[in-house]
Structure formats: C-alpha cells, structure tokens
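Student: Between the sequences and the hints, there should be enough to build the whole structure, so can you do that?
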Amino acid sequence: MPDSAPRPGSSLPRSHQEMRQIISFYHVNLRYGDTSALSDVSFSVDNGEFLFVVGPSGAGKSSALRLVLMQERPTDGQVQVGRFLSTRVRRKEIPLLRREIGVVFQDFRLLTDRSVEENVAFAQMVIGVPRAEIKRNVARVINWVGLYHKRNQIARTLSGGEQQRVAIARAIVNQPKILLADEPTGNLDPEVSQEVIDLLFRINAAGTAVVMSTHDHLMVRQYGQRVLSLEGGRVISDVERYRPRRPEHARPLAERIVRADEDGAVARSPEQWEGMRDDPPAREQGGRDA
Amino acid sequence: MHSTQARYLVREGMVGLVRRRLSGTVAVLIMGSSLLMLAIFSIVSINLDRILQTVRGDIDVVVYLRDDIHEADQAVLHEDLLSMAGVHAVRYVGRDEALQRFRGEIADDSELLDALEANPLPASFELSLDALGQDAKRLESLTGSLGRYPGVEEVVAEIEWVRRLDRFSSVFMLVTAVIGVIVLVSAVFVISNTVRLTVEESAEQVAIMKLVGATNAFIRTPFVIGGALQGAAAGVLAMGVLLVAGHFVRQHIDGIFFFGTGQVLGFVVLSTLLGAGGSLVALRRHLRL
Numbered sequence: 001m002p003d004s005a006p007r008p009g010s011s012l013p014r015s016h017q018e019m020r021q022i023i024s025f026y027h028v029n030l031r032y033g034d035t036s037a038l039s040d041v042s043f044s045v046d047n048g049e050f051l052f053v054v055g056p057s058g059a060g061k062s063s064a065l066r067l068v069l070m071q072e073r074p075t076d077g078q079v080q081v082g083r084f085l086s087t088r089v090r091r092k093e094i095p096l097l098r099r100e101i102g103v104v105f106q107d108f109r110l111l112t113d114r115s116v117e118e119n120v121a122f123a124q125m126v127i128g129v130p131r132a133e134i135k136r137n138v139a140r141v142i143n144w145v146g147l148y149h150k151r152n153q154i155a156r157t158l159s160g161g162e163q164q165r166v167a168i169a170r171a172i173v174n175q176p177k178i179l180l181a182d183e184p185t186g187n188l189d190p191e192v193s194q195e196v197i198d199l200l201f202r203i204n205a206a207g208t209a210v211v212m213s214t215h216d217h218l219m220v221r222q223y224g225q226r227v228l229s230l231e232g233g234r235v236i237s238d239v240e241r242y243r244p245r246r247p248e249h250a251r252p253l254a255e256r257i258v259r260a261d262e263d264g265a266v267a268r269s270p271e272q273w274e275g276m277r278d279d280p281p282a283r284e285q286g287g288r289d290a
Numbered sequence: 001m002h003s004t005q006a007r008y009l010v011r012e013g014m015v016g017l018v019r020r021r022l023s024g025t026v027a028v029l030i031m032g033s034s035l036l037m038l039a040i041f042s043i044v045s046i047n048l049d050r051i052l053q054t055v056r057g058d059i060d061v062v063v064y065l066r067d068d069i070h071e072a073d074q075a076v077l078h079e080d081l082l083s084m085a086g087v088h089a090v091r092y093v094g095r096d097e098a099l100q101r102f103r104g105e106i107a108d109d110s111e112l113l114d115a116l117e118a119n120p121l122p123a124s125f126e127l128s129l130d131a132l133g134q135d136a137k138r139l140e141s142l143t144g145s146l147g148r149y150p151g152v153e154e155v156v157a158e159i160e161w162v163r164r165l166d167r168f169s170s171v172f173m174l175v176t177a178v179i180g181v182i183v184l185v186s187a188v189f190v191i192s193n194t195v196r197l198t199v200e201e202s203a204e205q206v207a208i209m210k211l212v213g214a215t216n217a218f219i220r221t222p223f224v225i226g227g228a229l230q231g232a233a234a235g236v237l238a239m240g241v242l243l244v245a246g247h248f249v250r251q252h253i254d255g256i257f258f259f260g261t262g263q264v265l266g267f268v269v270l271s272t273l274l275g276a277g278g279s280l281v282a283l284r285r286h287l288r289l
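Residue numbers (the working numbering), protein chains in the order written: chain A, 1 to 290; chain B, 1 to 289.
No lab work stands behind these hints, which were simulated from the structure alone. Careful, some of the hints might be misleading.
[Stated by the list, open to error] Pulled a few chain A residues facing chain B out of the computed Cβ check, cut under 8 Å:
1. Val103
2. Phe122
3. Lys135
Where is the CB? At the ideal position from N, CA and C, for every residue including glycine.
Tutor: Shown next, in the form of structure tokens:
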C-alpha cells in the first residue's frame with residue numbers, strides 16, 4: 001500500500017481532500033463471526049464522481065454500501081462519509097448522515113400501499129421540511145423522473161421501472177450529496193434498466209456522487225466510467241475506464257441499446273474475463289490522491 | 001419538531017390503525033379479553049376475600065355464666081371484657097332471653113319446652129371479636145384467661161374452626177397471588193406479542209424511514225400513539241363488557257364487590273400504557289440498524 005494512503009484517525013483528511021472525497025474506505029475489514037465479508041478494502045469516491053461497484057453476489061458489494069450508510073461499522077479500519085467517521089460517529093448522528101445519502105434498491109422498497117407523491121414526500125416529512133416546500137420539491141422531482149402524470153397512483157399499481165423511478169425520486173428529493181444504488185436494475189428488463197441508468201447519470205451530471213453496484217460486468221463496460229471490482233470481499237481492480245469520445249450516456253438511446261446488444265451477446269470465456277479485468281489504466285488503490 | 005411533523009405523526013398514528021384495521025381489531029380483541037380475564041380475576045378474588053372476612057366476623061366467643069354468679073363478679077367480668085384487646089363488642093344475654101331465643105329457633109317444636117319446669121339455659125356474655133381477636137393464638141389465650149374468672153361456667157370458642165380458617169386464608173392468599181401473577185404476566189405477554197405483530201407488519205416502513213434519515217424518536221411516535229390508542233380501546237372494551245356483565249350479576253347477588261369508577265379508569269389507563277409500552281419494546285429491535 002503506498003505511503004500516501006490517507007491514514008485513519010491520526011490525521012483527518014486535509015480540508016481540500018475533505019472537499020474532494022465524499023466517501024473513503026481505509027483498510028476496511030468486516031467480519032461476521034468467522035466469515036469475512038470485506039478484507040482490507042480501500043478506495044475513495046470523489047464528490048460528483050460516478051462509480052460502478054461490480055462483483056458476483058456475495059462479493060461484498062452490499063456490505064460496502066451498508067458500511068457507507070453506517071448500518072454496519074467496520075471490524076477494522078475506517079469508513080468516512082462526508083464529515084462522518086465510522087470510528088467516531090455517534091448513534092444520534094447517523095440519521096443526519098443518512099440525510100446526505102439517497103438510496104435505491106433492487107426491490108425498490110416503496111410504501112406499496114401509498115401514492116407516488118406520498119412515497120416521495122415521506123423522505124421530506126421525516127427531516128422536517130415545511131409542508132408548502134414539500135409540495136414544491138415533490139412535484140419537481142416526480143416531474144423530473146417523468147411520473148408527474150402518475151403522481152396520485154398507488155405505488156404497487158406501477159410497473160417495475162416506474163417503481164424504481166419513484167424510488168429514485170425519493171432518493172434525490174432531499175438533494176443528497178451521494179446516491180447509492182444497490183443493483184437498481186436487478187429486477188428490470190434491459191430497456192427499462194437503461195432508463196434507470198440514464199436517470200442515475202443525469203443525477204450524477206447535476207453534481208451528486210453516484211455509487212451503483214451491479215453483478216453485470218458486461219453492462220458497466222459500455223459506459224466508460226470508473227469500475228471497482230470486488231470478489232470474495234477484496235478489491236480485485238479499480239479501473240478508471242477510458243473516457244469515450246462522447247460520454248456514453250449522452251448518446252441517443254437507440255444507439256446504446258444496439259451497442260449493448262452487440263457487447264452483451266458475446267459469450268466470453270473466463271480467460272477473456274481475466275484479461276479484461278486489468279484493462280488500463282488501472283488505479284493504484286488508495287494512492288490516487290498522492 | 002415542526003408543526004408539520006407533529007401533525008404528520010399524530011395522523012400517521014391513526015392512519016396506521018386504519019391501515020392495519022384487521023390485525024388491529026384482532027389485537028384489540030385479544031388485548032381486551034386478556035384484560036377482561038385480569039379484571040374478572042381481581043373481582044372474584046376480592047369478593048372471595050370479602051366472604052372470608054365476613055365468615056370471620058361471625059366468629060363469636062360465648063362466656064357462659066354460672067347461675068349462682070355474684071353480681072359483683074359479673075360486673076367486674078363485664079368491665080374487663082369491654083376493655084380487652086381483640087374484643088369488639090360485648091352483649092349480655094340473660095336466662096330469659098336465652099330461652100326466648102331458643103324457643104324462636106326451634107319454632108314449631110316449642111311446646112316441647114313447655115314441659116320443662118325451670119329454665120335450663122344459662123346467662124352468658126356474647127363477644128364479637130375484631131381482626132386482632134380472630135387470630136387463633138390470641139383467641140386461645142383469651143379463652144384461657146376468661147375461664148379463670150369466678151362465676152364463669154364455660155367459655156366456648158370455635159378455636160378449631162378459626163385455626164382451619166387461618167390455614168385456609170393463608171393458602172387462599174398464596175393461591176390468589178400465584179394465579180394473579182400468572183394472569184397478569186400472561187396478559188402482558190399476550191398484549192406485547194399482539195402489539196409486536198402489528199409492529200412487525202410495519203417493519204418495512206420502519207426500515208425505509210431509517211434509510212431516509214428519520215430519527216428514532218420520529219419513527220417511534222406514530223407507533224406509540226397507535227399502540228396507546230389500541231390499548232385504550234382494548235381497555236374500554238374490556239371494561240364495557242365487565243360493567244354490562246356486572247349489572248346483571250348484581251341483580252342476582254347482593255352486596256357483591258364491583259369495580260368503581262376509579263378501578264375502571266385505572267384499568268383503561270393500565271391498558272393504554274401497556275399498548276404504548278408494548279409498541280416501544282417491539283420497535284426496539286427494528287431501530288437498531
């Protein structure tokens with residue numbers, strides 16, 4: 001590990017780093033009894049960055065996201081999210097931390113018996129936004145995810161893609177600095193998945209850091225974004241992908257679907273996978289701020 | 001706490017009840033019947049205890065006097081009896097009165113008495129005892145000392161009966177206490193489990209609230225309000241049934257002890273607290289993450 005890796009505890013990141021990095025994992029271990037969910041995981045996410053976390057199920061993606069939400073604390077090491085340190089944060093502060101994070105899940109986790117509007121307003125109500133303001137904000141984000149015409153529908157009557165868009169609206173209505181998306185496309189068909197990923201890119205373009213986990217290696221490769229690969233609880237690669245000439249998410253939808261089909265239809269042997277993993281330029285773990 | 005939030009919390013508490021109306025109704029019924037059991041048990045045991053007290057109140061000591069007792073001795077005895085600890089009241093029954101009473105008791109066969117030439121019945125002092133005097137040991141020493149007075153023929157006290165009553169009373173109190181604890185514990189257990197079921201139904205909602213950064217206090221409030229309302233409803237239901245039943249029972253049994261306004265209110269308050277407290281305890285598990 002390079003010497004320049006930020007050391008936990010003893011010295012908090014300097015102020016410019018604090019500004020830049022919104023999430024940092026410092027040599028994080030997470031164990032449940034004898035089983036290890038994460039081993040010596042270090043990486044950081046900048047403000048406004050887009051990061052894919054890729055790995056098969058059980059690789060530790062969800063554990064990492066739970067650590068960011070501080071639903072868990074590391075067994076060893078430290079997680080820093082904004083101004084919150086896992087080693088120092090008090091229980092009472094955790095709700096404040098979570099107000100800076102929006103979360104989207106594979107299974108949407110909506111209040112299925114309430115309307116679109118109520119689901120989104122819920123997130124604002126919880127943090128005590130005045131009623132008039134809630135109305136305004138909710139209308140704005142629902143419109144933004146394209147569901148304004150369905151704002152009074154009960155969540156469970158919506159399609160999967162629509163439900164995920166409601167979840168996204170709920171995640172961003174409080175204008176979080178971070179959006180975590182845990183396999184957000186896992187329950188959606190490819191076309192709808194694309195719409196959801198588009199939304200995430202748009203959110204990212206507006207300045208929110210987005211961390212999206214997925215098990216789909218092929219899918220993430222087409223976007224030219226940074227990809228952090230986990231396997232067996234370890235970081236096996238952290239790759240700053242080539243930036244495409246045109247940002248991938250700015251291409252017309254139809255073109256992207258074709259490309260996705262071409263790319264995704266090719267079955268690869270494991271050897272080919274191995275080769276692709278270390279596509280240049282690889283980031284040095286933890287050393288990118290040196 | 002913003003007013004928007006406060007309004008939301010109260011509304012949410014009630015909306016939650018409407019939303020979970022089926023399980024909520026079942027919960028109220030279960031809680032209500034547990035409370036009813038508890039109340040009925042209290043009433044029955046209080047009434048049994050009262051009956052025991054009354055039985056004790058009937059225990060008398062009778063001091064029979066010799067026919068040749070000196071007037072002075074009798075007066076001294078009377079004085080002493082009046083000042084004795086444990087003696088509640090003293091009544092002198094003359095020979096004529098005793099005969100009169102006996103005549104009344106055997107009623108139809110009273111002509112048998114006419115065959116008698118003289119009155120065979122002695123005069124006596126009838127003592128009624130207070131709680132102190134009803135203790136078996138004290139009663140024994142009382143009868144012992146009375147027997148030594150001059151002019152006293154015999155002292156009759158139902159010591160054996162009192163001893164048995166004492167034993168019965170202590171067993172009764174023990175059994176009541178044990179059953180009472182069991183009934184109370186099972187009522188609390190049933191109620192807390194019922195409340196937990198309604199909370200479990202909302203586990204998903206709680207998880208979502210936690211994710212969007214709700215404080216624990218904020219999450220708790222609607223549940224506590226809902227739980228309290230449920231508890232209050234169960235209490236009112238149980239007391240309603242009890243009062244209606246009590247109305248009929250009292251038509252048939254006189255002087256039965258029954259809950260007054262204080263006890264009824266107390267029960268409703270108790271069940272309200274149980275509902276609210278049960279919700280708090282049930283939520284704790286979900287608030288940890």
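Student: The structure should be examined with respect to each hint, and the outcome stated for every one.
Tutor: Checked hints:
1. Satisfaction of the interface hint for A:Val103 is found here, the shortest Cβ-Cβ separation to chain B being roughly 5 Å, below the 8 Å cut-off.
2. For A:Phe122, the interface hint holds, since its Cβ comes within 8 Å of a Cβ in chain B; the closest pair sits about 7 Å apart.
3. Taken as an interface hint, A:Lys135 does not check out: its beta carbon lies about 11 Å from the nearest beta carbon of chain B, beyond 8 Å.
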